Amino acid sequence: MSDQTPNPAPIPNTQPNVDLATRVRNLLIVFVAVVLSTAIFLGLRTETGSSSLSAMAESAIPLEVASTNGKPTLVEFYADWCTSCQAMAGDMNDLKGEYGDRVNFVMLNVDNSKWLPEMLRYRVDGIPHFVFMNGKGEAIASTIGEQPRTIMAANLDALATDATLPYVQINGQFSKVDTAATQTRSDDPRSHGSGVK
1 MSDQTPNPAP IPNTQPNVDL ATRVRNLLIV FVAVVLSTAI FLGLRTETGS
51 SSLSAMAESA IPLEVASTNG KPTLVEFYAD WCTSCQAMAG DMNDLKGEYG
101 DRVNFVMLNV DNSKWLPEML RYRVDGIPHF VFMNGKGEAI ASTIGEQPRT
151 IMAANLDALA TDATLPYVQI NGQFSKVDTA ATQTRSDDPR SHGSGVK
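Going by my numbering, 98 is the number at position 98 of the sequence shown; the sequence numbering is gapless.
Everything labelled a hint here was simulated from the structure, so no lab data went into it. One or more of the hints may lead you astray.
List of simulated lysine-lysine pairs, DSS-like, C-alpha gap at most 25 Å [said to hold, decoys possible]:
id, residue 1, residue 2
1, K114, K136
2, K114, K71
3, K176, K114
4, K71, K136
On a predicted model such as this, the values are computed, not experimentally measured, just so you know.
With the sequences and hints as input, model every part of the structure.
The following block contains the structure:
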């Protein structure tokens, strides 16, 4: 007889399975993080709301130029926070492309106190607020709120040809404006109303 005791059965090594599961989980976490980061990045890059309003405002004709160049003018009172303004931004940009050679497109940010006299003059209490002016700088009509592209195009056709505007005093969905609050905001014209005193 031998004094040796039989070796116990070997313990199975579960470490590789744990390592594999941990690696798969970590890989999935990294994958999800990359997908979410990409989606957020692309979402921010394709956002058209306030960034397109700001871009349109930057390329708009200054009010001082529009009032002296003899062309009819469409003045849009807007704000970056205005959802109705954002909703119309794409159509307004397209219309500017179509009519920009015949009509001045002016954008005045209601958050900029510089435009308070104009806001009071044209009784702007909701935005978007559009004022149609003839070539002499006289206001001939206005509309407030979201307008269908076809109505804006018909009014711009008439404005460009010095005809009677077919759609005037039309009110669509709009954002309320408090002119008293505007008096406390920045009057730096380059700020487009983003600064607060």
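Q.
Checking each numbered hint in turn, tell me which of them this model violates, lowest number first.
A. none
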